[in-house]
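Q: Letter by letter, the chains look like this.
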Amino acid sequence: MKKKWIALTLFSITAILLAGCDNPLLIFDPKGPQARTLSSTILFSIAMMAGILFVVYVLYTFVLVKYRASKLPDDYEPPHEEGNKWLEIIWTTIPVIIVVILSVITVSSTSTVEQKSVAYADQKPVVIYASSSNWKWHFSYPEEGIETVNYVNFPANRPIEFRLYSYGPITSFWIPQLAGQKYAMSDMVTKIHMSADVPGSFMGKNSNFSGKGFAQMEFEAQSLSDADYKEWVNDVKTTAPKLTEDEFDDLLKAEHVGRKTYSSNHLEFRPAPEGEHSGHHHGGATSTDDQHEGHEDMDMDMDMDMDMDMDMDMDMDMDMDHDAH
Amino acid sequence: MKWDEFFVTGEPMIYAAMVSIVVVSLAIPIALTYFKKWNWLWTNWLTTVDHKKIGVMYILAALLMLFRGGVDALLMRAQTAIPDNGLLDGQHYNEIFTTHGVIMILFMAMPFIIGLMNVVIPLQIGARDVAFPRLNAVSFWLFFAGAMLFNISFVIGGSPDAGWSAYFPLASLEFSPTVGNNYYSIALQIAGIGTLLTGINFLVTILKMRAPGMTLMKMPMFTWSVLITNVIIVFAFPVLTVALALMTLDRQFGTQFFAMQSGGMDMLWANLFWVWGHPEVYIVILPAFGIYSEIISTFARKNLYGYKSMVVSMVAISLLSFVVWAHHFYTMGHGVMVNSVFSITTMAIAIPTGVKIFNWLFTLRKGKISFTTPMLYALAFIPIFTIGGVTGVMLAMASADYQYHNTMFLVAHFHYVLIPGTVFGVIAGFHFWFPKVFGFMLNEKLGKLSFWFITISFNVTFFPLFILGLNGMTRRMYTYSESTGYGALNMLSMVGALGLTIGFIILVYNIYWSVRYSPRNIKGDPWDARSLEWSTHSPVPEYNFALIPTVNKLDAHWFAKKEGKPLATGKYEPIHMPNNSGLPVIMGAAFFLWGFFMVFSWWIPAIVLGVVILGTLAYRSFEKDHGRYISVEEIERTENALRGEQHEN
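Heads up: the sequence lines are chains A and B, in that order. Take the position in the first sequence, starting the count at 1, then add 17; the result is the number in my numbering. Take the position in the second sequence, starting the count at 1, then add 245; the result is the number in my numbering.
Extracted from the complex, chain A is given alone in its bound form:
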């Protein structure tokens, strides 16, 4: 029966590997440098973990086959064993070494994916604000002055910097084939870097449970060639309607809306919670500027206290903003 069990496991593992060949699983089918780093990190860790499983399973099978009571003589008395210092040191040291290796990989891959890819280091990133509200995604392009809902277009072969926040519950912004996910929260802006190597359409979604309509909170992320992207932006600017404050409020209230396109964006009248508008863990995206003025000093204090917790980039931005005022 034990063998059947092991066979079952081996079968399942083979099944994944086979699945990886003709129809790759989403996260093993990266289309940009950040996702590629993650994919290879994961594959490396799987290989390492398979090694550990192999050692445990071999030992396990060996002891179960050899020391079952039915195979041993009736008068066999198991010995009294307190333990063995050297053996115990070995099976403490080897995991320590494994953890050290994995730690190095984790730290380096985390810092790699948390910034602009080296391949596109010389280019200025395209900044797109992505904010969530029940149950939709708003994409604002500060440079182009346009806004879309539930779909996002961006140029391929360019570094893209998404800045995330939320008008409601915490959501998690995720385009598996381009980069790992990150939370969007109401009181601060988080950043996610990605680039697409090729033009194409990718599935994007919220992966953090946010209530009733959560399952439908998907969007299409499309990378376009430079020319196509420019054409699309021009098109939007000339043909799409402007986004008024009233219309934006209606959008926030609505539960589900399809795709929308506007030739202006909400950042003008409802700025993101960053810089002087940052709640920075206290105060929300919904609070108005007036309410916030008085908290300016408190913000500074909080910064000093909370430096440890914060993303370094964010703090730098904050300080610069404060200096500017």
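Note that these hints are calculated values from the structure, not bench results. Some hints could be false.
What the hints assert, rightly or not - Computed cross-link-like contacts, DSS-like style, restricted to lysine-lysine with a CA-CA straight-line distance of at most 27 Å: (1) B:Lys463 / B:Lys798; (2) B:Lys463 / B:Lys768; (3) B:Lys611 / A:Lys102; (4) B:Lys693 / A:Lys88; (5) B:Lys613 / A:Lys83; (6) A:Lys88 / B:Lys613; (7) A:Lys102 / B:Lys553; (8) A:Lys102 / B:Lys613; (9) B:Lys298 / B:Lys282; (10) B:Lys807 / B:Lys768; (11) A:Lys88 / B:Lys806; (12) B:Lys693 / B:Lys768; (13) B:Lys298 / B:Lys453; (14) A:Lys83 / B:Lys611; (15) B:Lys768 / B:Lys613.
Bear in mind that the values here come from a model prediction, so they are computed numbers and not experimental data.
Assemble chain B onto chain A, guided by the hints.
A: Same frame as chain A, but now just chain B:
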């Protein structure tokens, strides 16, 4: 509030549940009256302070909750088995996965562990009861009140729907306006206080009440694991108490600790929740490690290999469990530095855990392994839990977690840890210690049959979820379109879930069969085991040990059997025992009603019940109850009866 808001309406399943609840709650008192069992129930069970009976009640409640959480699980698997399925709507699905999580962790795994702890620990350390028997009863009734309060939510008022982690601002009044999350905060609070009291009680019991000669390093491994677990409880549960209190204030008294406006910090809730929640994972897994250590050494007929390193590993795990909580939100954006620190501490837990796995394997080596039902669970635990462990290391890598976070991969991982760890552990312990408590064995054939169903189906249910996660399927999605390609594996998982159901039905049938047909004349030590609990009779008399054993080494009972020398000698003396008390159950009932009124913000009855609770406390502090003595004659009578019965056959 209108009646149709008070009762949950509109779903045939809910109506069926209501009917069955009414039928059962009428049937119980009618049956009790008809068979004239009220008095028996009151004196033998409801007012008991005997740790063994309290343990049995914990386990019964846990089995009941396993059924409730299992039905939730089945409905979830059924809903997602087919793309675009319309069995449940989004709201209903959200309530079900929320209650599934809360019930399985807090009202199934925890009480099952605490139940076994109650039954076994005093016996294993050679004590006559726990340090505070009356407090122990209070703990149980608080847990029970919390569990029942949480359970009625799905017919009265609506269940919580913000996930078992209840992240703000989703769980705030603004986004969850029904009373569902009030049930969450109040019911967990009541049960949590009970657990905290248990923690203190068992800490004192183990530290102060061990048999003469039993130094810390001569304690059985299960006792060690429980000692460490209770240290974790005492440090972790106050955090939950505070977090839930702040949640109650936010939801019902208009404060803004976690909510979005006026400076509330949503991630503060996440931090507080996981500062408690991560150690909680080890609260339910460490005692299981202890159970496996007992079972593996018993059925390999060998002492536990590397006893000292086992103890050291558990202490290390308990310390590390407090410094890894932020791995639950690597994606919050707290930067490379913080993520790296938490990655490394998280991965470090794999080291002591690995040490334990190898120690178990080396306990088996050169042993003489017999495949009893509890041993089968312990053996299945090793390879399956290792999969859970290595996927845990994968998840611990912050960068990689950006891809796994909130996906089915995570769901698969923690089921691969919690089911072979905790669930197999408590079932193994249940089969192992059942004869100790009841004086007869569970049927081995049925036990093994249900084992194979459970083990194989478990893998069929949860392995596909790893693949689904790597393919981008997020957790808590009540529906998905066919184009995602998630359908086939979800269907496979549903098939596995049905297999698990069959396994658990066989397990319950086994209890029924054994109660009716199992032979009763077992000796005190039917498994030929190693630790002190097996040196007294089965079933255990009220006072546990007629004579307190003296211990001079680890596995003293085993060596006493070998050498043919009894552990305890001397003359019987009168034994001092605590009296039964109705106060704990009355207090539990008062807490239940208080909680109910609190949930609905009905302040006046809530205040009245609050006064009743304080009244029970005040009454207790003025009560003069010095317990009673069991006379020497009565001890002789009991001992002779237990011995006589065993000599007959």
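Q: Does each hint fit the structure? Answer for all of them.
A: A quick look at each hint next to the structure:
Between the alpha carbons of B:Lys463 and B:Lys798 the distance comes to roughly 6 Å, so the proposed pair stays at or under 27 Å and holds. Between B:Lys463 and B:Lys768 the alpha-carbon distance is near 25 Å, which keeps this suggested pair within the 27 Å criterion. A distance of roughly 18 Å separates the Cα atoms of B:Lys611 and A:Lys102; the hinted pair therefore holds under the 27 Å criterion. With a C-alpha separation of about 20 Å, the suggested pair B:Lys693 and A:Lys88 falls inside the 27 Å cut-off, and the hint holds.
Taking the CA atoms of B:Lys613 and A:Lys83, the gap is near 9 Å; set against the 27 Å cutoff, the hint holds. The straight-line distance between the Cα atoms of A:Lys88 and B:Lys613 is roughly 9 Å, inside the 27 Å bound, and the hint therefore holds. With a C-alpha separation of about 10 Å, the suggested pair A:Lys102 and B:Lys553 falls inside the 27 Å cut-off, and the hint holds. For the hint linking A:Lys102 to B:Lys613, the alpha-carbon distance of about 23 Å falls within 27 Å, and the restraint holds.
For the suggested pair B:Lys298 and B:Lys282, the alpha carbons sit about 17 Å apart, so the restraint of at most 27 Å is met. Straight-line distance between C-alpha atoms of B:Lys807 and B:Lys768 comes to about 17 Å, which keeps the hinted pair within the 27 Å bound. A hinted pair counts as satisfied when its Cα atoms are at most 27 Å apart, and A:Lys88 with B:Lys806 qualifies at roughly 25 Å. A C-alpha spacing of about 22 Å is found between B:Lys693 and B:Lys768, which places the hinted pair at or below 27 Å, so the restraint holds.
Using a Cα cut-off of 27 Å, the hinted pair B:Lys298 and B:Lys453 holds, with the two alpha carbons roughly 22 Å apart. Between the alpha carbons of A:Lys83 and B:Lys611 the distance comes to roughly 8 Å, so the proposed pair stays at or under 27 Å and holds. This hinted pair checks out: B:Lys768 and B:Lys613 have alpha carbons roughly 22 Å apart, not beyond 27 Å.
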